[in-house]
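Q: What follows is each chain in one-letter form.
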Amino acid sequence: MTNLDPTISGRIKSEIDSQDVVLFMKGTPVFPQCGFSAAVVGVLSHLGVQFRGVNVLEDDQIREGIKRYSDWPTIPQLYVKGEFMGGCDIIREMYESGELMEMFNTHGVDVSPQ
Amino acid sequence: MAMQAYEIEELIKKTFPDAIIKIEDMAGDGDHYSCYVESHSFAGKSRVQQHQMVYQALDGRMGGQLHALALQTKIPS
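From first to last, the protein sequence lines are chains W and X.
Count the first sequence with the working numbering and you get residues 1 to 114, in order.
Count the second sequence with the working numbering and you get residues 1 to 77, in order.
Because the hints were derived from the structure by calculation, they are not lab data.
Careful, some of the hints might be misleading.
[Claimed, not checked] In the DSBU-like style, the derived pairs of lysine-lysine whose C-alpha atoms are separated by at most 35 Å in a straight line are:
id	chain 1	residue 1	chain 2	residue 2
1	W	Lys13	W	Lys67
2	W	Lys81	W	Lys13
3	X	Lys45	X	Lys22
4	X	Lys45	X	Lys13
5	W	Lys67	X	Lys74
6	W	Lys13	X	Lys45
7	W	Lys26	X	Lys13
8	X	Lys14	X	Lys74
9	W	Lys26	X	Lys14
10	X	Lys74	X	Lys22
11	X	Lys13	X	Lys74
12	W	Lys81	W	Lys67
13	W	Lys67	X	Lys45
14	X	Lys22	W	Lys67
15	X	Lys74	W	Lys26
16	X	Lys22	W	Lys26
17	W	Lys67	W	Lys26
18	X	Lys14	W	Lys67
19	X	Lys45	X	Lys74
20	X	Lys45	X	Lys14
21	W	Lys67	X	Lys13
22	X	Lys74	W	Lys81
23	X	Lys45	W	Lys26
24	W	Lys81	W	Lys26
25	W	Lys13	W	Lys26
26	X	Lys45	W	Lys81
27	W	Lys13	X	Lys74
Note that this is a predicted model, so its numbers are computed, not measured.
Chain W with its partners taken away, still in its complex shape (with noise of 0.2 Å):
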């Protein structure tokens, strides 16, 4: 979190609080604009996992910040219950090996596999 902004890094943390399942990506939920987005969103609603996209197209400063964050230098990414558990490829592996239901579990986040 090198030379990050306070006041950008407050926004960042409030939008990562704002609900247990919260992800970063290029577009929204009902519209990715970006393949990797898609991938995990797919993951996600073929979980039935409730949770809220961030849309970094709209606003620089969280695109940027957010990489900062996390010191992950891409999007998507996705953090349950305050904690980033990783971009599109961990996401995949995780669901692969059902590691993300058992994730999802443990941090008592509700899933229904759709």
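Got chain W sorted already, so can you dock chain X onto it with the hints?
A: For chain X alone, coordinates are given in the frame of chain W:
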């Protein structure tokens, strides 16, 4: 903007000399790669930390010069 597969491999190899690295140019455009890295350095690290270590090895190119690198890391069994 694009990067060659061997450049990516060299950068990763510098940080992880023991690594088994497999890189595939998925779109044939030098901009969308999939990359597999297997190294003992990942032992005891979370997946997020393992990926962060590879991104650090790429020295800021990920998300900039390198648009898409589908990454898979593994600890040798």
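Q: For each hint given before, does the structure comply? Return the numbers of the non-compliant ones in rising order.
A: none
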